[in-house]
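Asker: Quick note, the sequences are listed as chains G and S, same order.
Just so you know, we're using the numbering used here here: the first sequence kicks off at 639 and counts up by one.
Just so you know, we're using the numbering used here here: the second sequence kicks off at 2 and counts up by one.
The hints are simulated quantities; they were obtained by calculation from the structure and are not laboratory data.
Certain hints may be false.
If the Cβ cut is set under 8 Å, some of the chain S residues that face chain G in the computed set are [unchecked claim]: (1) E236; (2) V238; (3) L528; (4) E564; (5) K568; (6) A571; (7) I573; (8) L577; (9) N583.
With a straight-line cut-off of 30 Å between C-alpha atoms, the simulated DSS-like cross-links for lysine-lysine are [stated by the list, open to error]: (10) G/K718 - S/K460; (11) S/K568 - G/K718; (12) S/K251 - S/K324; (13) S/K288 - S/K384; (14) G/K725 - S/K448.
Virtual Cβ for every residue (Gly too), placed ideally from N, Cα, C.
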Amino acid sequence: MSDKNALVPGSDRSTALDLGGSTKDFVTATIGKQMFGIPVLTVQDVLGPQRITRIPLAPPEVAGSLNLRGRIVTAIDVRKRLGLRNKEVEDPGMSIVVDQGGELYSLMVDQVGEVLSVPQNAFERNPATLDPRWREFSDGIFRLEKNLLVILDVTRLLDFAGSVKQAG
Amino acid sequence: MDDLLSEFLTETSESLSTLDVELVKLEQNPNDPDILSNIFRLVHTIKGTCGFLGLPRLEAVAHAGENVLGKIRDGELIVTPDAVTLVLESIDTIKYLLSELETNETEPAGNDADLIARLNYFADTGNLPAAGENIPTAAASVSPPRPEIFLAPEPKSEPEPEPEPVVEAPKAPAAAAKPPSAPKTQAVQAAAPAQDAGAKADPHVRNEAKESSVAAQTIRVNVELLENLMTLVSELVLTRNQLLQMVRGKDDSEFTVPLQRLSHITTDLQEGVMKTRMQPIGNAWAKLPRIVRDLALEMGKKIDLQMIGADTELDRQVLELIKDPLTHMVRNSADHGLEDIQGRRDVGKPETGTVTLNAYHEGGHIIIEISDDGRGLNVARIKAKAVSNGLVSEGELESMSDQQIHQFIFKAGFSTAEKVTSVSGRGVGMDVVRTNIEKIGGTVELKSVEGRGSTFIIKIPLTLAIVSALIVESGGERFAIPQISVLELVRASSNSEHSIERIHDTPVLRLRNRLLPLVTLKKILGLDETGESDVDEEAFIVVAQVGTYSFGIIVDRVFDTEEIVVKPVAPILRDLSLFSGNTILGDGSVIMILDPNGIATRTGEITVGGGQGVESKAKSESTDRQTTSMLVFRAGGNEVRAVPLALVARLEEIDVESIEYSNGRPLVQYRGKLMPLVFIDGAYQMKTEGRQPTLVFQDRERTMGLVVDEIVDIVDDVLNVELTSDRDGLVGSAVVDGKATDLIDAGYYLELAFSDWFGTEETTGEKKKVLLVDDSPFFRNLLTPMLSVSGFKVTSVESAEQAIELKNNGAIFDAIISDIEMPGMNGFEFAESLQNDEAWGEVPIIALSSHTSEEDFERGRRAGFSDYVAKFDREALVSTLIQTLAAV
Chain G
639 MSDKNALVPG
649 SDRSTALDLG
659 GSTKDFVTAT
669 IGKQMFGIPV
679 LTVQDVLGPQ
689 RITRIPLAPP
699 EVAGSLNLRG
709 RIVTAIDVRK
719 RLGLRNKEVE
729 DPGMSIVVDQ
739 GGELYSLMVD
749 QVGEVLSVPQ
759 NAFERNPATL
769 DPRWREFSDG
779 IFRLEKNLLV
789 ILDVTRLLDF
799 AGSVKQAG
Chain S
2 MDDLLSEFLT
12 ETSESLSTLD
22 VELVKLEQNP
32 NDPDILSNIF
42 RLVHTIKGTC
52 GFLGLPRLEA
62 VAHAGENVLG
72 KIRDGELIVT
82 PDAVTLVLES
92 IDTIKYLLSE
102 LETNETEPAG
112 NDADLIARLN
122 YFADTGNLPA
132 AGENIPTAAA
142 SVSPPRPEIF
152 LAPEPKSEPE
162 PEPEPVVEAP
172 KAPAAAAKPP
182 SAPKTQAVQA
192 AAPAQDAGAK
202 ADPHVRNEAK
212 ESSVAAQTIR
222 VNVELLENLM
232 TLVSELVLTR
242 NQLLQMVRGK
252 DDSEFTVPLQ
262 RLSHITTDLQ
272 EGVMKTRMQP
282 IGNAWAKLPR
292 IVRDLALEMG
302 KKIDLQMIGA
312 DTELDRQVLE
322 LIKDPLTHMV
332 RNSADHGLED
342 IQGRRDVGKP
352 ETGTVTLNAY
362 HEGGHIIIEI
372 SDDGRGLNVA
382 RIKAKAVSNG
392 LVSEGELESM
402 SDQQIHQFIF
412 KAGFSTAEKV
422 TSVSGRGVGM
432 DVVRTNIEKI
442 GGTVELKSVE
452 GRGSTFIIKI
462 PLTLAIVSAL
472 IVESGGERFA
482 IPQISVLELV
492 RASSNSEHSI
502 ERIHDTPVLR
512 LRNRLLPLVT
522 LKKILGLDET
532 GESDVDEEAF
542 IVVAQVGTYS
552 FGIIVDRVFD
562 TEEIVVKPVA
572 PILRDLSLFS
582 GNTILGDGSV
592 IMILDPNGIA
602 TRTGEITVGG
612 GQGVESKAKS
622 ESTDRQTTSM
632 LVFRAGGNEV
642 RAVPLALVAR
652 LEEIDVESIE
662 YSNGRPLVQY
672 RGKLMPLVFI
682 DGAYQMKTEG
692 RQPTLVFQDR
702 ERTMGLVVDE
712 IVDIVDDVLN
722 VELTSDRDGL
732 VGSAVVDGKA
742 TDLIDAGYYL
752 ELAFSDWFGT
762 EETTGEKKKV
772 LLVDDSPFFR
782 NLLTPMLSVS
792 GFKVTSVESA
802 EQAIELKNNG
812 AIFDAIISDI
822 EMPGMNGFEF
832 AESLQNDEAW
842 GEVPIIALSS
852 HTSEEDFERG
862 RRAGFSDYVA
872 KFDREALVST
882 LIQTLAAV
């Protein structure tokens, strides 16, 4: 679906990091103790706990699908996708809804935090020693005062075909 | 107005408004190749279309304009304001011609030689013809002396020596001295050279204000946008239904009135949006008059084709899908239904037969009636054919109404046409029609009065966007199964008529004297978390049908049916073949829609029938060719034995005490008849008490029980007989499920039971000779004894090449049975090669194949096969053989 014809307008997507500006805005999310950032313009919605329909036989990272105002959204368990262990305490968590090629995906995280404007000069490339899976999904790191913000590359995070090949 | 013409007008008006804008842009950026090529393309398209539609005057103007643009594009001319002016003028002329076309549907008389000459002159020289230059037709349009008043804003301005007519003739002098064709655009240019050439502002002599009323009434909208709208509206409808459900029964709800309003508006909106996708059914009928005319000539009939309600509209998608069935049915009516001239005279009907097509709306459906005033269906002949095809017994026919008997024409391979004509009567047809119509959720009804004619009534839904689905639950999740593929629901429990039985771990259900394979939804979806595949004593079974294959799906619960909007699944889930989509239910939850096709494939059964993509078809063919379902059992000793499951009619457990002996042979009373029991070999010892598992083989009216020790499993495996056997009753050995397994020769045991019991059934007279061509030793070994038992003399060869060798050696057969897929020459090629053969050209060939889709039937018939039998359907094979031989 092209945005021109979308009745529910999608936001402008700019997944690639533009390093020209002085600050960048990210929606922050935490999984476990790690903070992640998703470029604010790719984000459509932030959701609380949702009723999710399981999809049998789907890849394990696909948690299921849910109804967002009449559109079907595929829920991705980012924890599993990043190879993290399951939560110790069962808690409903939150989701960030992104638009990828006209399809909506809901990225399930533990917590969604505020929108941060981070200075461009705090950007670092992925450390070479980073877990390969994380390196694949991370666009780079921002040094914040107290912690590090890992920028998620939504396109690659949702490219299941590619990572299946890698895993295999 | 002619559709083509009005479409052309709409399209061209659009192009023209674009052109106006583009040309002005070009004037400002004369060197922009993009704009230029865009303009060129637009004019070129107009020219091309005019030529196609036979509009010479329009074409000539467009051609001349294109010439100029072409030169500019190629860099031979440069863009000057007068070039643009000239091109704009040609476009105005085009507009004028179009408006005339719209009012009169023909080009106005006259020509544009003047304009064309100037365009050509410009194309050749790059200048506008100067005054007095010798272009006779253009003389009038040369630049007039520049009127000073018009330059008033710049009083000091001197007339430029070279008349670059950026500012040119105003109306007054033009009106005085010029023909009306030139001044308009010039004036506009003068006033605002940089602006859109708003030709309308100019009080032009021509009927410019009309611009194009056709164009103004239509807009072009991306189909995708319409689809989106449709989806949203469908959602709205579902939500509305949900709300209505909630307030139903509450008389005094404050919501009642507003809801009613909402309901009305939603309905109107749905209709409105639906209309945007609608096309008149006449589009699907367009080809029919020609087809009927040709047919009438060929058959020597007089046929009047009446088409009523051609403007009845239906969904574009539905329209596409019914086009072919409709054509087929009209052909049928004209060919089979109507008598020829003599025949009609004889029964006192007018010479000209009538085929009537009538389409109309009725309660959310489209009804299409196809009726003829011909001879009607011949009940007697249908009866005879039904009996000879083995569809029904004479006794059953007695109790059937004519209406029920008519329904037989929808069965596969059923044609009562005495002879096959070039148009119909090949016995494929009405079943395909019915399948296609049912695929889109429609129904076909048939009314026929012998001697008076027949009427087919097709009822199809207006749209495919909303389908009805059965909601079921399995493993705690709900799923939707499209209602179209659901045949029935069966509730099974141990103490009811229907109970689930198991063969090893495979559940099956007896349903009306047939064994229905069952799949547990929980299991195939991997929702069986306990790992226990225990089916509860009580279960719901959804009997589904895919093509001709029916199977049962065991689910935990069955809810209601709901209207759902099918939505495609996310791309990352596309490879899950078990789902055809997902949807949002009335309560807002998302549920997956099961694809019965996918489930059937998953359970090892190939998909039959058309409608699949080429790719999936090829895939199923390759797997299908290799695996066979085998029933694995033990009898007399530890070695495992196997028999193709398809040969086994039923599995029974026989109480040893109920076994009786007659003439020293064991038999049981089974279903009101005596069933002989045979043992795997002479040394076999039955149990002395308890129950004994028995495989029941059935051959038409006769049944035989093979007593075994234990039924082990049903295995789908590649069947490859590796060691052939000399021992009676064994075909050979094969690896089945990783174990060496003896394959028993069912034919041998049948012979054992019947020849002894009923006496050898030697047919009187000479045995008919049958040639069996099959590359699989298994089938040769299986079919040869079986056909022998049925009274044929069988010769078997393993390839078409060998068969041809036999032919060349002068062998004579009464019939040939041939496999389709064979290495080397395949069955189709084999049949084709025999079609015009001197020796064997008349010998009927029966195709034997595991593929029994419609295309296969059709292809087989084209290749010259006289019939087509599914590979495991022994009964059909024998009956077809008998029938075919009787016909020769």
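Asker: Of the numbered hints stated earlier in the document, which are not met by this structure?
Answerer: 2, 4, 10, 12, 13 and 14
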